[in-house]
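Taken in order, these protein sequences are the chains called C and W.
Under our numbering, think of the first position of the first sequence as 1419, with each following residue one higher.
Under our numbering, think of the first position of the second sequence as 24, with each following residue one higher.
There may be inaccurate statements among the hints.
Said to hold, decoys possible - Some chain W residues flagged as far from chain C (calculated, every beta-carbon gap over 12 Å):
| id | residue |
| --- | --- |
| 1 | Ala36 |
| 2 | Phe56 |
| 3 | Asp138 |
| 4 | Met217 |
| 5 | Arg249 |
| 6 | Ser271 |
| 7 | Glu296 |
| 8 | Ser309 |
| 9 | Val405 |
| 10 | Lys410 |
| 11 | Arg412 |
| 12 | Glu413 |
| 13 | Pro416 |
| 14 | Asn422 |
| 15 | Glu431 |
| 16 | Ala433 |
As the list claims (entries may be wrong) - Simulated pairs of lysine-lysine, PhoX-like, Cα-Cα distance not exceeding 25 Å:
| id | chain 1 | residue 1 | chain 2 | residue 2 |
| --- | --- | --- | --- | --- |
| 17 | W | Lys306 | W | Lys240 |
| 18 | C | Lys1503 | C | Lys1545 |
| 19 | W | Lys403 | C | Lys1424 |
| 20 | C | Lys1547 | C | Lys1512 |
| 21 | W | Lys349 | W | Lys429 |
| 22 | W | Lys240 | W | Lys115 |
| 23 | C | Lys1512 | C | Lys1442 |
| 24 | W | Lys429 | C | Lys1424 |
| 25 | C | Lys1469 | C | Lys1445 |
| 26 | W | Lys410 | C | Lys1424 |
| 27 | W | Lys134 | W | Lys410 |
| 28 | W | Lys222 | W | Lys326 |
| 29 | C | Lys1442 | W | Lys349 |
| 30 | C | Lys1431 | W | Lys306 |
| 31 | C | Lys1469 | C | Lys1547 |
| 32 | C | Lys1431 | W | Lys107 |
| 33 | C | Lys1431 | C | Lys1501 |
| 34 | C | Lys1442 | W | Lys145 |
| 35 | C | Lys1545 | C | Lys1512 |
| 36 | W | Lys107 | W | Lys202 |
| 37 | W | Lys222 | W | Lys202 |
| 38 | C | Lys1424 | C | Lys1445 |
| 39 | W | Lys302 | W | Lys134 |
| 40 | C | Lys1547 | W | Lys240 |
Don't read these hints as lab results, they were simulated from the structure.
Built from N, CA and C at the ideal position, the CB exists for glycine as well.
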Amino acid sequence: MAYSEKVIEHYEKPRNVGTFGTQKEIKERQDIGVGLVGAPECGDVMQLQIKVGDDGNIEDAKFKCFGCGSAIASSSLATEWLKGKTLDEGLEIKNTEIVEELSLPPVKIHCSVLAEDAIKSAIADYKEKNTK
Amino acid sequence: MSIKLPIYLDHAATTPCDPKVVESMMPYFTDMFGNTGSRNHSFGWDSEEAVSKAREQVASLIGADPKEIIFTSGSTESNNLAIKGAANMYAKNPAGSENRGHIISVIHEHKAVLDPCKRLEKEGFDVTLLEPGQDGLVTRKMIEDAIRDDTILVTVMWANNEIGTINEIPQIGELCHDKGIIFHTDATQWVGKMPTNVKKDNVDLLSLSAHKMYGPKGVGALYVRRRRPRVRLIALQEGGGQERGYRSGTLNVTGIVGLGKACEICAQTMDSERERLLKLRNKLESSLESRLDVVQVNGHREKRLAHATNISFGFVEGESLMMALKEIAMSSGSACTSASLEPSYVLKALGVGDDLAHSSLRITMGRWTTEEEVDYAIEKIVEAVNKLRELSPLFDMHNEGIDISKIEWAAH
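Sequences are here, hints too, so could you generate the full structure?
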């Protein structure tokens, strides 16, 4: 299958790979929101973590991804876009924007949907941890 | 020594033609182009002679009599002719009725066996598909337990195309002969690599293909036993009555000459090749197993073809693995239902990947595979798997002792 140049570029040099700690540690940290979406038997699992600063903006983002090249590129791109955004701005990122940026073919649209889900899920996790 | 990229490690899919094979075929395209059916001039006689020689070469490779070789377009046709032809010939009841007879096969056969069986099922035959255990091996005992009074045909591949497992063919053949049941084997991956003697191995019908043994594509053969028992088939293709009426159509003389030459070369080289490729395969497997954890060799560890391996790597997704290994031509069978990769029904049938997200590589070496190429493949695979595990949240969870199968995943 032919991948777009941007997908290959992200796949070869993924941005912001990593995690802010072990699964246990990040669960306890108040400044971190985690989104874990997808399923191993479907061939895609994305883990997206956001670190929110005192000003309420997304200071840093990291990802790990089990999936095809397009899934890796989608989550890599999502971390790039999230950095520096407010939570509300983060929620505005649409999968169609990811499709456009990476020139994803129709069969790979689910990768961008998954990335959007991961963003929403990470922000929701952060909000849940910080509401009392 | 520098190596030429890409590297070809997919010889179970197809093989390059041996230049000696191509050379043997050349005159039959131009100067000696006659139809073997032309009985009254030298053009026809030359072609007939060439086909006779090829028939002897094929027969000699598998221990058959030349009269027992029917040339076809390849294994798919051979399988169709053998299975449908035998079922219809030995049917207990006429076409259009029910209970026409029982056929035994195996769930991880090639589609070219399974689909003819499914067709027969719609036409009044009863088909049992056996499910072997985790090693994929089909034993005499499994067949024995499945045989019924109305069983007319057993079809079991000699060696599996995805995992290379070698089934108990001579033993199953003996059992079938004792019970008076026709026995067919799809030997596409076996012939040319392993010594074969259809007489001693108790095979009644055997399918083989030229392009899996350094011959041309589009030609193959079906062995049809003529003595003890004399096997008869109902032809699928009718017309000029070539190949004893079993396969009408002008003979593909060039292809048949190439198949014959390919068989001759395999007969001379298979023993040394097997030994050479086994060493390379062992090096490949032991290197990957020692340098990476959560690696699994699929299929029976001993009873398998020397040039083939099928390995699963945990926590790595198949398509991204292939993307990282684009300079190496291999076959990937992801055991999971990724949206883009078709799952391998063979690996699924073996129970591989029920609890572990992973991808599998089928690596099959051949006549021109060098040690340098294998070394290159080892380095690249280790590099790719490590890189993707670095990215894999599942590998992190595994390292933290989290059981992935216990997580409630939201399937999408």
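Hints versus structure:
For Ala36(W), the non-interface assignment is confirmed: its Cβ lies about 18 Å from the closest Cβ of chain C, beyond the 12 Å cut-off. Listed as outside the interface, Phe56(W) is consistent with that label: its C-beta sits roughly 41 Å from the nearest C-beta of chain C, beyond the 12 Å cut-off. In this structure Asp138(W) is separated from chain C by more than 12 Å, as the shortest Cβ-Cβ distance comes to about 26 Å. Taking the minimum C-beta to C-beta distance to chain C, about 36 Å, the non-interface status of Met217(W) holds against the 12 Å cut.
Taking the minimum C-beta to C-beta distance to chain C, about 49 Å, the non-interface status of Arg249(W) holds against the 12 Å cut. With a closest Cβ-Cβ approach of about 41 Å to chain C, Ser271(W) is found to remain outside the 12 Å limit, as its non-interface label requires. Remark: the non-interface label on Glu296(W) is consistent with the geometry, its nearest Cβ contact in chain C lying 34 Å away (cut-off 12 Å). Even its closest Cβ contact with chain C, about 27 Å, leaves Ser309(W) beyond 12 Å, as expected for a residue assigned away from the interface.
For Val405(W), the non-interface assignment is confirmed: its Cβ lies about 18 Å from the closest Cβ of chain C, beyond the 12 Å cut-off. At roughly 9 Å, the least C-beta separation between Lys410(W) and chain C is not larger than 12 Å, which violates its mark as non-interface. Listed as outside the interface, Arg412(W) is inconsistent with that label: its C-beta sits roughly 9 Å from the nearest C-beta of chain C, within the 12 Å cut-off. The claim that Glu413(W) lies off the interface is violated: its Cβ sits roughly 7 Å from the closest Cβ of chain C, which falls inside the 12 Å cut-off.
The claim that Pro416(W) is not at the interface with chain C is violated, since a C-beta of that chain comes within 12 Å of its own (minimum 4 Å). Residue-level check failed: Asn422(W) sits 9 Å from the nearest beta carbon of chain C, not beyond 12 Å. Glu431(W), annotated as away from the interface, has a beta carbon of chain C within 12 Å; the closest lies near 9 Å. Separation of Ala433(W) from chain C is inadequate, the least Cβ-Cβ distance of about 6 Å not exceeding the 12 Å criterion.
With a CA separation close to 31 Å, the supplied pair Lys306(W) and Lys240(W) exceeds the 25 Å bound. Taken as a hint, the Lys1503(C) and Lys1545(C) pair is honoured in the structure, with Cα atoms around 15 Å apart against an allowance of 25 Å. With a CA separation close to 23 Å, the supplied pair Lys403(W) and Lys1424(C) stays within the 25 Å bound. Distance restraint check for Lys1547(C) and Lys1512(C): the Cα-Cα separation of roughly 24 Å lies within the 25 Å cut-off, and the hinted pair is therefore satisfied.
The straight-line distance between the Cα atoms of Lys349(W) and Lys429(W) is roughly 34 Å, outside the 25 Å bound, and the hint therefore fails. As the CA atoms of Lys240(W) and Lys115(W) are separated by approximately 37 Å, the hinted pair breaks the 25 Å bound. Straight-line distance between C-alpha atoms of Lys1512(C) and Lys1442(C) comes to about 30 Å, which puts the hinted pair past the 25 Å bound. Simply put, Lys429(W) and Lys1424(C) have alpha-carbon atoms about 35 Å apart, too far for the 25 Å limit, and the pair is violated.
For the suggested pair Lys1469(C) and Lys1445(C), the alpha carbons sit about 12 Å apart, so the restraint of at most 25 Å is met. Restraint check for Lys410(W) and Lys1424(C): satisfied, since their Cα atoms lie roughly 19 Å apart, inside the 25 Å limit. About 35 Å separates the Cα atoms of Lys134(W) and Lys410(W), which puts this hinted pair outside 25 Å; it is violated. The suggested pairing of Lys222(W) with Lys326(W) holds, with an alpha-carbon distance near 22 Å, which does not exceed 25 Å.
Straight-line distance between C-alpha atoms of Lys1442(C) and Lys349(W) comes to about 37 Å, which puts the hinted pair past the 25 Å bound. Between Lys1431(C) and Lys306(W) the CA atoms are separated by roughly 31 Å; this puts the pair beyond 25 Å, and the hint is violated. Of the supplied pair hints, the one linking Lys1469(C) and Lys1547(C) holds, its CA atoms being roughly 12 Å apart against a limit of 25 Å. The suggested pairing of Lys1431(C) with Lys107(W) is violated, with an alpha-carbon distance near 54 Å, which exceeds 25 Å.
The hinted pair formed by Lys1431(C) and Lys1501(C) meets the criterion: a straight-line CA distance of about 18 Å does not exceed 25 Å. For the suggested pair Lys1442(C) and Lys145(W), the alpha carbons sit about 56 Å apart, so the restraint of at most 25 Å is broken. A hinted pair counts as satisfied when its Cα atoms are at most 25 Å apart, and Lys1545(C) with Lys1512(C) qualifies at roughly 20 Å. Simply put, Lys107(W) and Lys202(W) have alpha-carbon atoms about 20 Å apart, close enough for the 25 Å limit, and the pair holds.
Of the pairs offered as hints, the one joining Lys222(W) and Lys202(W) holds, with about 17 Å between alpha carbons and a cut-off of 25 Å not exceeded. Between Lys1424(C) and Lys1445(C), the direct Cα distance comes to roughly 33 Å. Violation of the 25 Å bound is thereby established for this hinted pair. The straight-line distance between the Cα atoms of Lys302(W) and Lys134(W) is roughly 31 Å, outside the 25 Å bound, and the hint therefore fails. Pair hint Lys1547(C) plus Lys240(W) does not hold up; C-alpha atoms about 63 Å apart against a cutoff of 25 Å.
Violated hints for the displayed structure, listed by number in ascending order: 10, 11, 12, 13, 14, 15, 16, 17, 21, 22, 23, 24, 27, 29, 30, 32, 34, 38, 39 and 40.
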